[in-house]
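> In case you want the letters, here they are:
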Amino acid sequence: MLATLSVVMIVTDAHYRGFATVRPYLTWLVTPIQLVVNAPKQMLSWAGDHLESREDLVLENHGLNEELLILRSKLQKLNALRAENVRLRELLDASQRVDEKVVMAEVIGFDQNAYSHKVLIDKGFSSGAYVGQPVLDATGVLGQVVETAAYTSRVLLIADASHFVPVEIARTGFRSVLRGTGDLKKMELMSVPHTADIKKGDILTTSGLDKRFPIGYPVGVVRSVKHVAGNSYSEVDVVPLAQLGRSRHVMLIDRPELERQ
Amino acid sequence: MKSSFIFFLTFIVALMLEALPFPDDLVWFRPEWALLVVLYWVIALPYKVGVGVAWILGVMVDLLQGGIIGQHSLTYVIIAYACALFYQRLRMYMRWQQGVFIFLLVSINQLVNFWLDHYVGNAEPTLMIFMPAIITGFLWPWSFIVLRSIRRLYSIS
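These protein sequence lines map, in sequence, to chains A and B.
Under full-length UniProt numbering, read the first sequence as residues 1 to 261, first letter to last.
Under full-length UniProt numbering, read the second sequence as residues 1 to 157, first letter to last.
Source of the hints: derived by calculation from the structure; they are not laboratory data.
Be careful, since some hints might not be right.
In the DMTMM-like style, the derived pairs of lysine to aspartate or glutamate whose C-alpha atoms are separated by at most 25 Å in a straight line are [said to hold, decoys possible]:
| # | chain 1 | residue 1 | chain 2 | residue 2 |
| --- | --- | --- | --- | --- |
| 1 | A | Lys-199 | A | Glu-235 |
| 2 | A | Lys-186 | B | Asp-25 |
| 3 | A | Lys-226 | B | Glu-124 |
One chain only, chain A, in its complex shape (with noise of 0.2 Å):
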């Protein structure tokens, strides 16, 4: 009888996503268990943040410092570069773009499950989250949301099999969409004709084609191209830019209305 309401339940989630609505709160039954196991490892951050000697933040103080004094002098001329944006949109009529508002996350958990690559963050719906969202950490483009609680969510890596960016070469402009493999480390470029003009080093951005992921975020770059004789493409070999598998700050994206190119 069980197994029939089992066989009953797999079927609405796995082929109606019947348990879209009620998930999210079914979720909150575990959510006590993952924070519990997270509580050591945050335990361990705070007694690190609490328990460091002087020198160590005297030293990581002039570090930060240097590092805020190269960051803002890129950022004057980065106010430049925006301004001679706009000035440029403006004579193109062109919609402006908006600044997207920033959520910052904390990654609790990483799946278990050996198949899919997933991350658990503490940020839900009753802080923002939607499934969907786009997730960055410091170097690159992380994931998206693709199922949210009320205080946890879960995150599919760009490297998961079954998730798919669409990418612009930032040097040519050349699109393509961006496949993950399975392998955190690696990621395919599809459908690059052996005549395109890709080369090792390559950076890849998002293209925001998709409109879910916002523009000009980097993904990824380009390994190495193989041009094999009798394929009709030619293979193209990413390595993914974000720590998809060690990050632990994360930055959920809000795009309160989508940019008009």
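Since the structure of chain A is already known, use the hints to place chain B on it.
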């Protein structure tokens, strides 16, 4: 009353072990903690812990792992049923023979889960799916001893 509290406690610990982060390279070596615990109770006290408890635990594991809701509850129900059917014979077995039996049952679990994950389209065929079954079978004698001492300590019967 006391016994159901102990059941609850062991299941919570099993679920916490399920949620524990595991290194990415060792993901295939993760034992099925929840199954170890529920199968012990089914074999030891089949009239108190049965198919229903296994089903609830399965749903919890599904929610924890973010898979299809129902996939683990289905396999847990099948396995718990098999154990409840054979519990008298199982108790007569030697510890390692029980381990082999557990290995077979967890293999069923792995196969059904693999089929379902394949059906939704995010599983690549590999023989490594049987690795957790082997590990769980190996862990059985030790988890048996730990759980039996818990049962005797609180004299649950």
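> Against the earlier hints, flag every one the structure doesn't satisfy and list their numbers going up.
Of the numbered hints, all hold.
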